[in-house]
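Residues in the sequence shown are numbered consecutively from 1, following UniProt numbering.
In case anyone wonders, no lab produced these hints; they're calculated from the structure.
Take the hints with a grain of salt, since some may be wrong.
[Unchecked claim] Derived pair list, reagent style DSS-like, types lysine-lysine, alpha-carbon separation capped at 25 Å:
1. LYS66 x LYS108
2. LYS108 x LYS70
3. LYS32 x LYS86
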Amino acid sequence: MKLVSPGEAAANTNDMSDKAGEDLVRIGEMAKKYGVTLRTLRFYEDKGLLNPQRDGSTRLYTRRDKARLKLILLGRKVGFSLRDVKQMMDLYDPTGSNTKQLRLALDKSEKQLARLQKQRALIEDAINELGNSMAAVRQMLVERSAPQASAAG
């Protein structure tokens, strides 16, 4: 899982002194841009993964929120639980070396990679079994069609 590039590190700070001219995005735009539902964004907010600014009842997402959402989606794509993703993101310290975060991410990534490789092996076995079964069924159809063709002639 890609953790934090220098650009994302700047976006990932907890400093709320955002520039007035910063690109703030409404929930609908955010959902459309990242291919998620409004409900998903609200859910991530409820779980403490995102923390959009508020203008009345309007949610306004910052660069930090965008960077965090990218990490959430990447984590989900590779099979991490939201709990794992949150745990890794919460260890981020804009003033520190983040070695604890990096170690945790590497440890979780190694375990997840092993799980995915095991799943791939199981899927490959299932594909081979299905292919063999289909070949047997095709052969049965050929054998059962041949006598009818000769009897008709």
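field: Distance restraint between LYS32 and LYS86, which requires alpha-carbon spacing of 25 Å or less
entry: The given pair, whose Cα atoms are some 23 Å apart, holds under the 25 Å limit.
message: Checking one constraint from the list: CA of LYS66 to CA of LYS108, max 25 Å. Satisfied?
response: Distance of about 23 Å is within 25 Å: holds.
task: Below or equal to 25 Å on CA atoms is what counts here, so check LYS108 against LYS70.
output: 18 Å, holds
The structure fails none of the hints (numbered hints given earlier).
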